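Q: Here are the chains, one letter per residue:
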Amino acid sequence: MPSNPKNILHVQNLSKAFFGVKALNNLQFELQKGEVHALMGENGAGKSTFMKILMGLLIPDSGDIIFEGESLKNSNVHENLQKGISMIHQEILIVPELTVAQNIFLGREINYRNWLNDKAINQNAQELLNLIGVNINARTKIKNLSIAEMQMVEIAKAISTNAKVIIMDEPTSALSNKEVSTLFKIIKDLKAKGVSIIYISHKMDEIYEISDRITVLRDGKYIATKNTSELDKNDLIALMVGREIDRLFPENISKKGEEVFSVENLSTKGKFEEINFEVHAGEVLGIAGLMGAGRTEIARAIFGLDKYDSGEITLKGNKINIKSPKEAIEKGIGYVSEDRKVLGFIPAMSINENISLSSLANFSNAWFVNSTDEQEATTQLSNDLKIKSTSINQKVMNLSGGNQQKVVIGKVLLTSPSLVILDEPTRGIDIGAKFEIYKLINQLTDKGIAVIMISSELPEILGMSDRILVLSKGKQTALLSKQEATQERIMHYAVS
Amino acid sequence: MQYINRLRQYGIFVVFIIICLILSLISPQFLTVSNWTIIITQASINALLAFGVTFVIITGGIDLSLGSMVAVTGVTAAMLAHPDTFPVALPIFAGLLAGLLMGVFNGFIITKSKIAPFIVTLGTMTIGRGLALILSKGRPISNLSDSFNFIGGGNIFGIPFPIIVLILVFIICSIILKKTLLGRYIYAIGGNEQASRASGINVNRVKMAVYSISGLLAGLAGILLTSRITTGQPNAGAGFELDAIAAAVIGGTSTSGGTGTMTGTLIGVLLIGVINNGLDLLNVTSYYQQVVMGTIIIGAVVLDSWNQKNN
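Chains as they are written, first to last, in my numbering: chain C, 40 to 535; chain D, 25 to 335.
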């Protein structure tokens, strides 16, 4: 096949198998100079394997990668970086104790006979940051930056290597809307300079806003490449899942019951102030707001992970004062955190052990765990939640993101909570699994559980919530009913 | 394939068997009941320390004060074990109590100050050595009662008492780790401490428990050692913590926490014991023994991490 001269990258018949399972199967891919090319597919579709091969982290079993007319088949990371392929990772890989400038030039320090030229390093880094229009001091230590700022540093680093292809893997997962628009401005500038971008994201709106073309993968196979402007959202979803999903959100028919939980004038200095809301049985209260608006901080305070300064919390008519997650769980509050890898599960433990972790005392006498009872309960729950696994003894680290999230939800459910707080419940989860999580939320409300759902995805907030609390810079700016709420109104209150 | 995987899981056990086979071919004395009685009796003190530190390492911590605790508890017991003074129960109780208190102290400082266990137990290691010298006024304490000396030197039905202690402690520790709430929480904390706290586990209490157990078992080891050498030595136990940690790590306990078993640690202890014994039988001088031992520790861990990568 003659290669299109506009192509900077051309991938032919790429295959890679792990233990006999084909992660990539005859993949085709073309990247033009100066385009933003979205790579779409559910988790497990082969996107990350493909990216790892492009970066030289994995060696393909067969097929070829032609980059600027040269085969990359047997190259390593270092060579690929030098040739101009660079990646911004989903999980940010920078050294927290070093400064911004030191990170940008890590491994390529400006030196004179092995003596560091700090002045030049700082100057060059600052110029680079100014160039992409971010207001960060190059001498700041990375650990003092926000996640969004770290991401900008990663981008500056990629640019500084004179990258011709930049791979962005879920670059906005930790960014606020404002920061996303800064990122998009940078992407457009890069594009104008002829840099090509491979953009991976689960967020449809972003894909439609920023990409020129979309390539869809499914089960390790190439499905299609289309111009973004010619591909309808529903068609895209159909290509990704291989079937049509008629609704993004399942219908919720649960009835609102009596008040289960309320907070009054909840405040923590510097994080949030004067927060007031109540949640009823069978109701989903959505909490919307930008990054840093204090959403997660409120959840952490309610669950006893952090102390709060003042205010009152009432659960089922009783004033409660929670000092630790242990107390919160005992009183009937469950929390599914936004960062399941940090606060959600124990990777080296099995599904069974993770699900029972919060309620192990219920399956034990004074000393011993009754593993028969335990396994019976966790097996039942694992089936109810449709956790895909070889057995309940499979380690959670070997599950997909969606299934890991189900395990965390299972752990919370087993404590028989009356209030469940879900913090970004579908972050990093593919569309098919998202729909299942939404159905699960509806099952919770069906059982009369009160649900608080924090989310950065407005469609999700609108699709799932009965009422929506909007926060801005730690203050409560609106409490909207489902009828009143629109994306525009929420955004209006979120930035006010 | 499945068979190979299962064998890999017990990789260190296979290494152990192979070394035993080689030694039995080289030295006819190796595979005799009397030699194995010596190996296990000598390994019993390291075993008690290693079982204790296995709990600690699985939570992601470390205990460097084991050797010093052996000295403090040994001296304490010896001071109360002279003939015709107190019943033998008192020195035993006092030795165990001293170990327990030092373990509680470790746990208390680690949970309250949030200082790394490495630093805290490095401190208690020095404090403990000082305490042992203060208590004994720097001199060995000898002239101990026969009933006390039975603990380390006596037999029941022909089985040396230390071996019986080792077996009992092994069974109890295995049960704690596998069957109890505490055991599950120990793994959970080592696997992900923050998620454990968010799951409602009282992390500090579990940490207190593991350092206390480690101290208590160090106390037991101190009593056994003092009884076996029939002297309370303030300089006893120096460097014992390293053998114990080595045994746990050889047995598959990861120093980053979250994994490990008592069976693995037991094999680690026996492997160290067998190598020491084998090198003795082969008349290898103790200088070379140390080089061989160190090489085997590194080799075992390299092998283990290689196995894990390939799984």
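Treat each hint with caution, since some may be false.
To give an idea of the chain D side of the interface with chain C (calculated C-beta under 10 Å), a few residues [said to hold, decoys possible]:
1. 163
2. 194
3. 200
4. 208
5. 305
FYI, nobody ran anything at the bench for these hints, they're computed from the structure. Note that the structure is predicted; figures quoted are calculated from it, not measured. Think of the CB as a built atom: it goes at the ideal place given N, C-alpha and C, for glycine as much as any other residue.
Q: A separate judgement is required for each hint: does it hold in the structure or not?
A: Structure-based check of all given hints:
no.: 1; hint: 163; verdict: violated (44 Å)
no.: 2; hint: 194; verdict: violated (18 Å)
no.: 3; hint: 200; verdict: holds (9 Å)
no.: 4; hint: 208; verdict: holds (6 Å)
no.: 5; hint: 305; verdict: violated (40 Å)
Of the numbered hints listed earlier, those contradicted by the structure are 1, 2, 5.
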